[in-house]
Amino acid sequence: MKEKFLNDQMTNRILFILSLLGVAIALYVTQSFLRKTPIVCLNSGCELVRKNPASYIAGIPVPAFGLIGYTLLVLLTFLRTTSTKLHKTLLPWIAGITGGGVLFVSWFTYTEAFVIGGFCTWCVISAGNMITMFSLSLYSHSHKK
Amino acid sequence: MNLSGETKLFLGVIIGTIAIIVLAAVIMSKPTPPAPAYTRNQLIPIGANTKGNASASAFLVEFSDFQCPSCKAFSSVVESLTEKYKDKLFFAYRHFPLDQHPFSRTAAAAAEAAGKQGKFFEAGTYFFANQTNFSDEFFAKAASVLALDATLYEKDRNSNDTKKKIDDDRFFSDTARLPGTPTFFLNGKQLILYDSSELVKAVDEAVK
Chain A
1 MKEKFLNDQM TNRILFILSL LGVAIALYVT QSFLRKTPIV CLNSGCELVR KNPASYIAGI
61 PVPAFGLIGY TLLVLLTFLR TTSTKLHKTL LPWIAGITGG GVLFVSWFTY TEAFVIGGFC
121 TWCVISAGNM ITMFSLSLYS HSHKK
Chain B
1001 MNLSGETKLF LGVIIGTIAI IVLAAVIMSK PTPPAPAYTR NQLIPIGANT KGNASASAFL
1061 VEFSDFQCPS CKAFSSVVES LTEKYKDKLF FAYRHFPLDQ HPFSRTAAAA AEAAGKQGKF
1121 FEAGTYFFAN QTNFSDEFFA KAASVLALDA TLYEKDRNSN DTKKKIDDDR FFSDTARLPG
1181 TPTFFLNGKQ LILYDSSELV KAVDEAVK
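As you go down the protein sequences, you meet chains A and B in turn.
The first sequence finishes on residue 145 if you use my numbering, and the numbering steps up by one all the way, no holes.
The second sequence finishes on residue 1208 if you use my numbering, and the numbering steps up by one all the way, no holes.
By construction, these hints were calculated from the structure, which means they are not laboratory data.
Treat each hint with caution, since some may be false.
[Unchecked claim] List of simulated lysine to aspartate or glutamate pairs, EDC-like, C-alpha gap at most 16 Å:
| no. | chain 1 | residue 1 | chain 2 | residue 2 |
| --- | --- | --- | --- | --- |
| 1 | B | Lys1189 | B | Asp1168 |
| 2 | B | Lys1051 | B | Glu1122 |
| 3 | B | Lys1141 | B | Asp1161 |
| 4 | A | Lys36 | B | Glu1198 |
| 5 | A | Lys36 | B | Asp1195 |
Treat the numbers as computed from the prediction; the structure is a model and nothing was measured.
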């Protein structure tokens, strides 16, 4: 029998922590967008991104969408702990949301590179976080009993 | 309600996270005192690089860094505003070289040296346009590109006067606690800008 590198419980815990990390990042960046305050950043890309109209979809800051997605993922990973049935049924939802998230961050990373011309450190971290979560959810899905 | 140990653990983490977020929100929502307004003389000291009408009642001051991508994004807007309102607006460029940009001080010194030969803003435009090509060689060659007296340019960009001028601007930026680059002051008041269109709007209003 194939040995699992991570068991289901541990994978869900990691997904949960990464979702909370995503919420924290998205919340911080969203409030900076809304309050028009400078974002603490490793480079000057965050301000370039914040001040560019391409970082808003129909007037809504891009990180707000991340906040919604990560909050949903916190709820789903939490609900998975409440029953065995939900533990199984919610995994495809998590894979679906993180898959959508990967498409979203890919689009935004492309926008940062070719439209805005600068990268926001937090967006890059969040993109990496989303890709990790998607990979973990796929891993968990492919190893489920 | 019978919760499993895992559910309780997750709930605890969620509650802890919410508590931290609420605490952070309370701290961050404390009203910040309004940014002080500055006089024209404080913002535009003698020797500052300026253009436009010095007698105009409206004055715009930009604190900027030649290696900052946001400043580059704003530079074309500033250029068109200063051209459009050259009779109604007095504009000053001041240095806020950020520590994370290795060539920001070199660029500022090179622009100052070009300024001594009457080409500060030409140098600025050239530097913003070539921001990704910055190197020691780039600044050494800038004299010939900008048709400057190379000997004088080299002397001025390495002079103590130039260094002091940049240091003074940076000191002002730090003591005024400017939030980043670019920061604009219009008629002495710091602008909180969403994007460059808001700068255009503010200047349009001010010169009416």
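* To do: Mind listing which of the numbered hints don't hold for this structure, in increasing order?
  => 1, 3
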